[in-house]
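S.K.: Given these sequences and hints, build the entire structure.
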Amino acid sequence: VLDRDGRPVVVLQGYPGDRDEWMPEVNDVLSRVCDELRGSYRFKKGINHHVTDNFKAINFGISFGGGQQGSHANYAIINSLIKNPVLLRVANFANAGLQLFWPKIYSFYDTILSGVLLQDSTLRRNFTNNVFACATLNVGPRTVTTLHYDHLNIPFGLCAITALSHFNPKTGRQIMLEELQTIIEFPAGSTIEILSAIVKHSNLPIGDNEVRYSFTQYTAGGLFRWWECGFRAYKTFVAMGMKFKRSGLERWQWGVGLLGKWEDIKHLFKT
Numbered sequence: 001v002l003d004r005d006g007r008p009v010v011v012l013q014g015y016p017g018d019r020d021e022w023m024p025e026v027n028d029v030l031s032r033v034c035d036e037l038r039g040s041y042r043f044k045k046g047i048n049h050h051v052t053d054n055f056k057a058i059n060f061g062i063s064f065g066g067g068q069q070g071s072h073a074n075y076a077i078i079n080s081l082i083k084n085p086v087l088l089r090v091a092n093f094a095n096a097g098l099q100l101f102w103p104k105i106y107s108f109y110d111t112i113l114s115g116v117l118l119q120d121s122t123l124r125r126n127f128t129n130n131v132f133a134c135a136t137l138n139v140g141p142r143t144v145t146t147l148h149y150d151h152l153n154i155p156f157g158l159c160a161i162t163a164l165s166h167f168n169p170k171t172g173r174q175i176m177l178e179e180l181q182t183i184i185e186f187p188a189g190s191t192i193e194i195l196s197a198i199v200k201h202s203n204l205p206i207g208d209n210e211v212r213y214s215f216t217q218y219t220a221g222g223l224f225r226w227w228e229c230g231f232r233a234y235k236t237f238v239a240m241g242m243k244f245k246r247s248g249l250e251r252w253q254w255g256v257g258l259l260g261k262w263e264d265i266k267h268l269f270k271t
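Numbering follows my numbering, in which position 94 of the sequence shown is assigned residue number 94; successive positions increment by one, without gaps.
The reader is advised that the hints may include incorrect statements.
Below, a list of computed lysine-lysine pairs in the BS3-like style, where the Cα atoms sit at most 27 Å apart [stated by the list, open to error]: (1) 261 x 104; (2) 56 x 235; (3) 104 x 243; (4) 56 x 104; (5) 235 x 245; (6) 44 x 200; (7) 261 x 200; (8) 245 x 104; (9) 83 x 200; (10) 243 x 200; (11) 104 x 200; (12) 170 x 56; (13) 266 x 245; (14) 44 x 104; (15) 243 x 261.
For each label pair, taking beta carbons as the anchor points, the in silico distance ranges come out as [what the hints assert, rightly or not]: (16) 265 x 200: 24 to 32 Å; (17) 246 x 118: 32 to 40 Å; (18) 180 x 245: 15 to 23 Å; (19) 1 x 42: 18 to 26 Å; (20) 28 x 152: 28 to 36 Å; (21) 19 x 148: 24 to 32 Å; (22) 170 x 245: 47 to 55 Å; (23) 245 x 168: 31 to 39 Å; (24) 44 x 234: 34 to 42 Å; (25) 129 x 18: 30 to 38 Å; (26) 152 x 178: 40 to 48 Å; (27) 146 x 267: 33 to 41 Å; (28) 204 x 20: 25 to 33 Å; (29) 110 x 267: 45 to 53 Å.
Read the hints as simulated data drawn from the structure, not as lab findings. Even glycine gets a Cβ: it sits at the ideal position worked out from N, Cα and C.
M.R.: Following this line, the structure appears as structure tokens:
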């Protein structure tokens with residue numbers, strides 16, 4: 001899906017070519033993982049205003065400004081989770097899509113994450129050679145969201161969403177993109193990448209006897225600000241009398257420019 005200037009704002013990435021192997025492997029294995037995690041992970045109590053069903057979510061990775069904390073037991077679970085070869089394949093399939101469709105965004109993400117890792121040797125990437133700093137595994141059992149913006153993400157950044165489990169994509173779980181006035185079938189095992197901070201989105205309900213999980217990858221806007229402030233909090237940055245090199249409008253225009261245009265990459269898809 002392109003904007004009026006030919007920039008890709010939504011990509012229906014789908015799934016790799018080995019569909020017959022990919023679908024059962026991804027949906028069966030990760031469904032079992034999600035079922036196990038609902039019982040073993042220690043979830044923080046709270047309200048997610050983006051949900052219509054009370055599903056549970058596991059967040060992991062590098063962020064800034066959210067006060068992210070967790071128990072030692074949860075750390076052990078996440079360490080095991082990020083080593084899961086099936087989840088690794090799903091994560092890096094989305095990562096490859098970001099690199100293919102938005103190469104300049106990909107390079108920017110890699111610059112930021114690499115810089116943060118150099119500053120703090122205790123941090124690590126979620127997945128090897130993957131530029132997304134954060135991930136969320138929604139372990140359901142009924143992952144349904146209301147229309148919302150991911151307002152904490154960088155505005156010109158991408159969020160990769162992979163639907164998981166078993167449900168009928170023709171009767172439910174389609175993704176709705178409000179500004180685009182579009183509803184798209186979203187089968188389990190498929191990946192969609194969207195500018196989630198500026199495109200309001202949700203997914204439609206599933207059947208009463210169906211389950212649905214999802215896996216998302218993104219990078220929080222606060223991490224980019226931390227980097228641009230010289231690896232310090234914005235409050236400290238201002239207190240030191242420092243200023244950004246670009247205005248807010250100039251940063252936005254620069255970021256939108258990183259999205260590139262379909263004309264620049266369409267030759268990669270010629271057969």
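S.K.: Each hint: holds or not?
M.R.: Now for the hints, and whether the structure bears them out:
The hinted pair formed by residue 261 and residue 104 meets the criterion: a straight-line CA distance of about 11 Å does not exceed 27 Å. Among the hinted pairs, residue 56 with residue 235 is inconsistent with the structure: their alpha-carbon atoms are about 33 Å apart, more than 27 Å. At roughly 25 Å between alpha-carbon atoms, residue 104 and residue 243 fall within 27 Å of each other, so this suggested pair holds. Under the criterion of a C-alpha separation no larger than 27 Å, the hint pairing residue 56 with residue 104 is inconsistent with the structure, at around 34 Å.
Restraint check for residue 235 and residue 245: the C-alpha separation of about 16 Å stays at or below 27 Å, so the hint holds. In summary, the hint linking residue 44 to residue 200 is supported, as the alpha carbons are separated by about 26 Å, within the 27 Å threshold. Using a Cα cut-off of 27 Å, the hinted pair residue 261 and residue 200 holds, with the two alpha carbons roughly 22 Å apart. As the CA atoms of residue 245 and residue 104 are separated by approximately 20 Å, the hinted pair is consistent with the 27 Å bound.
Between residue 83 and residue 200 the CA atoms are separated by roughly 32 Å; this puts the pair beyond 27 Å, and the hint is violated. A threshold of 27 Å between alpha carbons decides the hint, and for residue 243 with residue 200 the separation of about 31 Å lies outside it, so the pair is violated. With a CA separation close to 23 Å, the supplied pair residue 104 and residue 200 stays within the 27 Å bound. For a cut-off of 27 Å, the pair hint linking residue 170 to residue 56 stands: about 25 Å separates their Cα positions.
Simply put, residue 266 and residue 245 have alpha-carbon atoms about 33 Å apart, too far for the 27 Å limit, and the pair is violated. For the suggested pair residue 44 and residue 104, the alpha carbons sit about 36 Å apart, so the restraint of at most 27 Å is broken. A C-alpha spacing of about 31 Å is found between residue 243 and residue 261, which places the hinted pair above 27 Å, so the restraint is violated. Checked against the hint of 24 to 32 Å, the pair residue 265 and residue 200 passes, with Cβ atoms roughly 26 Å apart.
For residue 246 paired with residue 118, a C-beta distance near 23 Å fails the hint of 32 to 40 Å. For residue 180 paired with residue 245, a C-beta distance near 33 Å fails the hint of 15 to 23 Å. Look at residue 1 against residue 42: about 39 Å separates their beta carbons, and that is not inside 18 to 26 Å. Roughly 32 Å separates the CB atoms of residue 28 and residue 152, a value that falls within the hinted 28 to 36 Å.
Separation of residue 19 from residue 148 is about 31 Å and conforms to the stated range, judged on CB atoms against 24 to 32 Å. Distance hint for residue 170 and residue 245: a CB-CB separation of about 50 Å, consistent with the stated range 47 to 55 Å. The supplied range of 31 to 39 Å is broken by residue 245 and residue 168, whose beta-carbon atoms lie about 51 Å from each other. Separated by about 25 Å at the C-beta atoms, residue 44 and residue 234 break the suggested range of 34 to 42 Å.
Distance hint for residue 129 and residue 18: a CB-CB separation of about 20 Å, inconsistent with the stated range 30 to 38 Å. Evaluation of the 40 to 48 Å hint for residue 152 and residue 178 yields a failure: the beta carbon distance comes to about 19 Å. At roughly 39 Å, the beta-carbon separation of residue 146 and residue 267 lies within the given 33 to 41 Å, and the hint holds. For residue 204 and residue 20, the hinted distance range of 25 to 33 Å is satisfied, since their beta carbons lie about 27 Å from each other.
In this structure the supplied range 45 to 53 Å is violated for residue 110 paired with residue 267, their Cβ-Cβ distance being about 23 Å.
When held up to the earlier numbered hints, the structure conflicts with 2, 4, 9, 10, 13, 14, 15, 17, 18, 19, 23, 24, 25, 26, 29 and fits the remainder.
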